[in-house]
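Peer 1: Whenever a hint applies, use it, and build me the whole structure from the sequences.
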Amino acid sequence: MHARFVRSAAVAVAVTGTLTWAPAASAQPSEPTPSAPAQTPAPDPGSVEITTKDPAGDVLPGATFLLLDSAGQEAGRGKTDAQGKLTFSDLAPGVYRLKEISSGSPLHDTAADQDVIVTPGATARVTVVDPIKPAHVTLKARDNKTGKLLPGSTVNIGSGDTTLLTLTTGHKGTTTGELPVLNRRAEFWVKQVTAPAGYDPYTQAKTFTAGPGSPVTVTITNAKTAPKSQPTPTRPPSGKQTDTPSESTSGGSKPKLTATGTRASESSLTPARDGAESASPSAPAGSLARTGADATPWLIGGAGVLLVGGIAAVVATHRRTTPEPQQDENTDTN
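Under mature numbering (1 follows the signal peptide of the UniProt record, and there is no 0), the letters of the sequence shown match residues -27 to -1, 1 to 307, in that order.
Any given hint might turn out to be false.
Stated by the list, open to error - Listed below are the simulated SDA-like cross-link pairs for lysine to any residue, each with C-alpha atoms no more than 25 Å apart in a straight line:
{"id": "1", "residue 1": "K58", "residue 2": "G35"}
{"id": "2", "residue 1": "K26", "residue 2": "E160"}
{"id": "3", "residue 1": "K179", "residue 2": "K201"}
{"id": "4", "residue 1": "K145", "residue 2": "A159"}
{"id": "5", "residue 1": "K197", "residue 2": "G184"}
{"id": "6", "residue 1": "K52", "residue 2": "R98"}
{"id": "7", "residue 1": "K197", "residue 2": "T148"}
{"id": "8", "residue 1": "K52", "residue 2": "H109"}
{"id": "9", "residue 1": "K145", "residue 2": "Q165"}
{"id": "10", "residue 1": "K121", "residue 2": "K72"}
{"id": "11", "residue 1": "K26", "residue 2": "V99"}
{"id": "12", "residue 1": "K118", "residue 2": "Y172"}
{"id": "13", "residue 1": "K118", "residue 2": "K26"}
{"id": "14", "residue 1": "K26", "residue 2": "L137"}
{"id": "15", "residue 1": "K113", "residue 2": "G133"}
{"id": "16", "residue 1": "K197", "residue 2": "Y172"}
{"id": "17", "residue 1": "K26", "residue 2": "L41"}
{"id": "18", "residue 1": "K145", "residue 2": "K58"}
FYI, nobody ran anything at the bench for these hints, they're computed from the structure.
Peer 2: Written as structure tokens, this is what we have:
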């Protein structure tokens, strides 16, 4: 038996005398076709305007610039005109890198690279100041007599009250550096702050002039330090006694004498002719004669001898001058 399908809210199907209910089939609605999204309008382009000047404010024509985008690709290149201006137009908004390739002037150096931000429909104005080229300074230190190059000489170089450069000579006695120049021609001073070892510092005033990019040689001469006078060395004591009397600084004390050999306070006994020992001291060889109270016995003895000798001489003289009595020749004899 074939079953019959009837389109209604429900379909009754008789299967072997049993009725079952099943949902009726319904048509599915068709999906709508998606539409293309609306396109966002591109932002308005921007631009970069460059003005080149020197430190004094004068415009510099002929400077060459390169503009790079954020990916490092070249976005523009050109030179400044007679008014020192250059414009890069129709630039998409973003960050750009501005590089100066050449200043167009023999007296000026190029400026450092910088970033430029471009905004939609606006002009980014950039002023570039090209510095004056520095002077190339060579410093030498020499001996004032031999001309030998000396290491270890330190100098300050500046203008007015400002120190612009400090240089120190190396082991070959020379060194180099770049001196900033603020004008087309300027005067600078040199001061030595450290002299080479063994030399007096250079104290005289020294000045020089330098221009942009010009080479300059500065030479400092130093004189050797005079050796300090050494005191005359005294002879060290030998430990032996000398014949030179030493004066005592104590008041009222007598000068003492010292001598080599036997001390003056010692005496020796000399045998007399009759075999007895004489207590008179004999001065040892190499000793000094006694002075002061020790010479009193000798003086007394000498005076006694002179006195006895004098008395004897007077007596002898008196005897010679006294006449002897004469006998009378006319005496009668019995």
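Peer 1: Look at each hint and say if it fits the structure.
Peer 2: We went through each hint and held it up to the structure:
1. Under the criterion of a C-alpha separation no larger than 25 Å, the hint pairing K58 with G35 is consistent with the structure, at around 9 Å.
2. Restraint check for K26 and E160: satisfied, since their Cα atoms lie roughly 23 Å apart, inside the 25 Å limit.
3. A C-alpha spacing of about 29 Å is found between K179 and K201, which places the hinted pair above 25 Å, so the restraint is violated.
4. Distance hint between K145 and A159 is unfulfilled; the C-alpha atoms sit about 29 Å from each other, more than 25 Å.
5. Straight-line distance between C-alpha atoms of K197 and G184 comes to about 34 Å, which puts the hinted pair past the 25 Å bound.
6. At most 25 Å may separate the alpha-carbon atoms for a hinted pair to count; K52 and R98 meet this at roughly 16 Å.
7. At roughly 21 Å between alpha-carbon atoms, K197 and T148 fall within 25 Å of each other, so this suggested pair holds.
8. Between K52 and H109 the CA atoms are separated by roughly 28 Å; this puts the pair beyond 25 Å, and the hint is violated.
9. The suggested pairing of K145 with Q165 holds, with an alpha-carbon distance near 18 Å, which does not exceed 25 Å.
10. Distance hint between K121 and K72 is unfulfilled; the C-alpha atoms sit about 46 Å from each other, more than 25 Å.
11. A hinted pair counts as satisfied when its Cα atoms are at most 25 Å apart, and K26 with V99 qualifies at roughly 11 Å.
12. A distance of roughly 12 Å separates the Cα atoms of K118 and Y172; the hinted pair therefore holds under the 25 Å criterion.
13. Restraint check for K118 and K26: the C-alpha separation of about 49 Å exceeds 25 Å, so the hint is violated.
14. As the CA atoms of K26 and L137 are separated by approximately 23 Å, the hinted pair is consistent with the 25 Å bound.
15. A hinted pair counts as satisfied when its Cα atoms are at most 25 Å apart, and K113 with G133 qualifies at roughly 23 Å.
16. With a CA separation close to 4 Å, the supplied pair K197 and Y172 stays within the 25 Å bound.
17. At most 25 Å may separate the alpha-carbon atoms for a hinted pair to count; K26 and L41 meet this at roughly 22 Å.
18. As the CA atoms of K145 and K58 are separated by approximately 48 Å, the hinted pair breaks the 25 Å bound.
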